[in-house]
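There are 2 protein chains.
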Amino acid sequence: MQTASSAISFPERLSEVAARIETTLDRLLSPEAGAGEILRPARLLESMRYATLGGGKRLRPFLVVETARLLGAEGDNVLRAAAAIEMVHCYSLVHDDLPGMDNDDLRRGRPTVHKAFDEATAILAGDGLLTYAFDVIASEPTHADGAVRAALACGLARAAGLGGMAGGQALDLAAETATAPLSAADIQRLQSMKTGALLCFSVEAGAIIAGADAKARAALLAYGRCLGAAFQVADDILDAEGDEAQLGKRAGKDAGRNKATLVAALGLAEAKVIRDRLANDAVSALAETHFSASRELLVEAARFAVARKN
Amino acid sequence: MQTASSAISFPERLSEVAARIETTLDRLLSPEAGAGEILRPARLLESMRYATLGGGKRLRPFLVVETARLLGAEGDNVLRAAAAIEMVHCYSLVHDDLPGMDNDDLRRGRPTVHKAFDEATAILAGDGLLTYAFDVIASEPTHADGAVRAALACGLARAAGLGGMAGGQALDLAAETATAPLSAADIQRLQSMKTGALLCFSVEAGAIIAGADAKARAALLAYGRCLGAAFQVADDILDAEGDEAQLGKRAGKDAGRNKATLVAALGLAEAKVIRDRLANDAVSALAETHFSASRELLVEAARFAVARKN
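Residue numbers (our numbering), protein chains in the order written: chain A, 425 to 734; chain B, 425 to 734.
Pairs count within a copy or across copies, as identical chains cannot be separated in the list.
Mimicking BS3-like on lysine-lysine, the simulated pairs with C-alpha atoms at most 30 Å apart in a straight line are:
#1 Lys539 with Lys677
#2 Lys481 with Lys683
#3 Lys683 with Lys539
#4 Lys696 with Lys733
Hints are computed from structural coordinates only; laboratory data are not their basis.
Modelling step: build the complete structure from the supplied sequences, incorporating the hints.
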């Protein structure tokens, strides 16, 4: 499935991007107030740093960076967009973990934000990260062209909002107490909102920044959609099979909560078939474009999405 | 202080703008999914509509619309920007009312969102409104120029985020349990973040959309800053003096919670002096510009900010 050389270069490249994102986030979340800000309150800032720094696979930033690079765009501006998307991902984890939501104590092997700080701070840390992501992605250092910055902000909002991640989370919570189990098709739609939309937008953001043509953008969108779906099925399988120490969060919680997953709806074996088919579809989508020669890192990202251990 | 004719026209104009914003919000929050959205989950959408429709003075939208009009810009695109800012205001009320924050049961004379729905839905309704505001303000129907849309998104994020409203809310909560009372200067900074930043940005957004020149923009910013500060002092005075039925929310709660207010720090009489001085400063800021002849509605908005009963 992979050559020996690429099997080495993908993890190396993933951790290289993760390190650059860490530096970018650290700088963006420094104590100095930015333009238009009055003051950065120390405790709130600390909670936002706790929620974003020192953890995570940084798969979304990786997809932004590698998609942009495939199309010839590299630089600090790409990292800003990638960091903004990662902030939105981190905000969603902080709010999902709240007592009023999933009520989780552990995240990335550490106490969740409302445990390490308090509930009000966790609510505001999430709000602050979500808001700041739009500041970062829409401001001038991210791209010289205002229309590109606006497209990034708009796309991020759509991926994260009512018709994307937040809406998917609402459907997910509703499914826990539904009288009848959801169909596999409904579960896949729910997941395409809850997890898929932001992963797919990560790919799209790279394409927007790099000014991809319509054909490349369509292919990358198809790749992003399949990768996002594959990622969530793999997540459900990890929850069913995985062990807590490796996951850095509680395992087996989906079944206990009556979560709508393809594992619950179709069984583990069928879920794995779907996961692998989606990963292959992601790879196939890339093959149809002119950049097929340099697409290896994105191919491996799709493999990683389903082969990861946490 | 006011002529008889303008005393009639301001409330009329305020309710006219409120009606147009209601229509705009109603349309933006319709069940049909927008571009890039997969599906709008019914219950989450219903909670977002509950949080935004049928209430509120709509002072922020009024400031957007009247500032833009003063500078020659009118139309549905101005209403979109105004509606986006109102969504951010409404999201902040939903989250502030949560059990983990102020734990309020009553807002605008109705049960708060977590009471009318449930806590998870209230968290997501707030998240959804905040996110959707950026979709609306950054998308093409808001302005033909992408740089203007990006500037609006960026300015909204800065007014609402860590260095603005969310940060001010964090300082406000911290002050409740602080060992020493805050100084009047610290309280004014806190309030300039918590309430002032978004009111001031409402004026700024009107100026950005209308393409105000540097001089007009500086004058309008000064007006917005003073009006925002006056509004919050008036709010504190209303809480100390007002009655619950007229306020539509609990009165006298600041003192009970040890809230940092100028009434607590300086007493009611001194707070009123500051409130009136700020309103006058707001009016004076407008006088220094070339649009001083047609500024009457903004002058009255500053008077209204301190003379209102709820």
